[in-house]
Amino acid sequence: MKAVGAIAAALFAASAVFAAEIPQGQRRSGYSFMKPDTQAMQDEDTANPGMLWVLDGEALWKRKLGAADKACADCHDDARTSMKGVAARYPTFDKIAGRPIDLEQRINACRSNHQQAAPLAFESRELLALTAFVARQSQGAPIEAGGDPQLAPFVTRGRELYLQRQGQLNLACTNCHDDNWDKRLAGSAITQGHATGYPLYRLEWQSLGSLQRRLRACITGVRAQAYDYGAPELVELELYLMSRARGMPMEAPAVRP
Amino acid sequence: MASALINVPPKAKRGDIIEIKTLMSHIMETGYRHTASGEVVPRNIITSFTCRFNGAEIFRADLFPAISANPFMTFFTTATESGKFEFEWIGDQGFSETASASITVE
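Chains A and B, in that order, give the protein sequences. Residue 1 is where the first sequence starts when you use this note's numbering, and the numbers rise one by one after that. Residue 1 is where the second sequence starts when you use this note's numbering, and the numbers rise one by one after that.
It is possible that some hints are incorrect.
[Stated by the list, open to error] With a straight-line Cα cutoff of 30 Å, these simulated DSSO-like cross-link-like pairs (lysine-lysine) come out:
id, chain 1, residue 1, chain 2, residue 2
1, A, K84, B, K21
2, A, K62, A, K95
3, B, K21, A, K62
4, A, K84, A, K95
5, B, K21, A, K35
If you are wondering where the hints come from, they were derived from the structure by calculation, not from laboratory data.
Model the full assembly from the supplied sequences, consistent with the hints where possible.
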């Protein structure tokens with residue numbers, strides 16, 4: 001009976017540890033898990049390949065297009081002031097959609113509604129460039145996403161997804177990124193999964209990529225069927241991750257191994 | 001939308017050893033990959049990088065398929081006089097890009 005009690009106590013302790021959120025003071029950006037040479041790559045604008053997309057984005061920002069023959073700059077003027085801190089608030093609640101949308105979806109909504117141009121494909125060079133350029137204006141700003149009370153049910157849904165075991169490996173995000181972030185997986189640091197630097201340049205991708213690309217890769221990694229780009233579930237996950245990282249500084253465009 | 005990022009110190013003292021850093025936007029497609037239907041993706045890489053200072057070549061590199069996308073090239077040189085660095089990248093499929101940066105040597 002004593003042994004059963006001990007096992008029950010051990011199980012209780014284990015389940016209490018499981019899904020334990022990382023205390024605020026112990027949160028770490030993926031940056032702190034990297035080697036100094038990769039950190040140096042991110043720190044210096046002329047060594048950070050993500051800046052190539054930012055440069056492209058700056059050119060696109062000023063380009064007139066669509067039936068309206070308008071550039072982003074015609075409404076938003078100088079992004080250095082108008083877009084400062086904006087990316088730190090995304091995903092944000094969209095009144096027309098009645099649900100949260102991420103920065104890529106906002107840019108595409110702006111293209112359709114105000115420029116009357118065709119939306120850009122997810123992960124296309126142009127959409128990544130514009131997103132990187134906008135996100136870059138928030139570099140160093142504290143993440144504020146998820147504060148809007150209208151977003152509360154979507155943050156909850158994102159959190160449920162984050163805690164949901166899935167795939168043939170039957171793993172939830174939390175099993176790695178909350179429970180085992182101090183360990184390594186096949187030689188790579190697991191990290192805490194704070195989405196502070198997106199869109200970011202991954203050396204493995206040899207390209208810039210969005211948070212949705214990262215999430216889809218992780219979902220495929222646990223051998224589950226990934227949601228399509230732009231799926232509500234992915235945006236809810238993005239929203240939860242950003243609200244979980246609230247207060248941490250924006251790094252976009254970050255560099256990761 | 002090819003573009004280059006160049007880092008050359010704007011000023012240096014005569015005799016200083018300075019570091020020059022260059023980053024060029026390029027996909028560096030190896031030519032060894034296949035599409036889902038089995039066709040080879042044609043090679044598309046930068047094959048040559050050159051740096052000239054006041055017209056004289058000071059650094060040259062040949063690039064090969066194993067070099068990653070967006071090649072980052074960095075090297076050192078001694079600051080002898082004020083002048084202009086000219087960079088040139090040449091590659092497959094008619095790829096050709098140039099950039100330049102000036103330095104004042106006191």
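Verification of the supplied hints:
| no. | hint | verdict |
| --- | --- | --- |
| 1 | A:K84 / B:K21 | 29 Å, holds |
| 2 | A:K62 / A:K95 | 27 Å, holds |
| 3 | B:K21 / A:K62 | 28 Å, holds |
| 4 | A:K84 / A:K95 | 22 Å, holds |
| 5 | B:K21 / A:K35 | 20 Å, holds |
Checked against the numbered hints listed earlier, the structure breaks none of them; every hint is satisfied.
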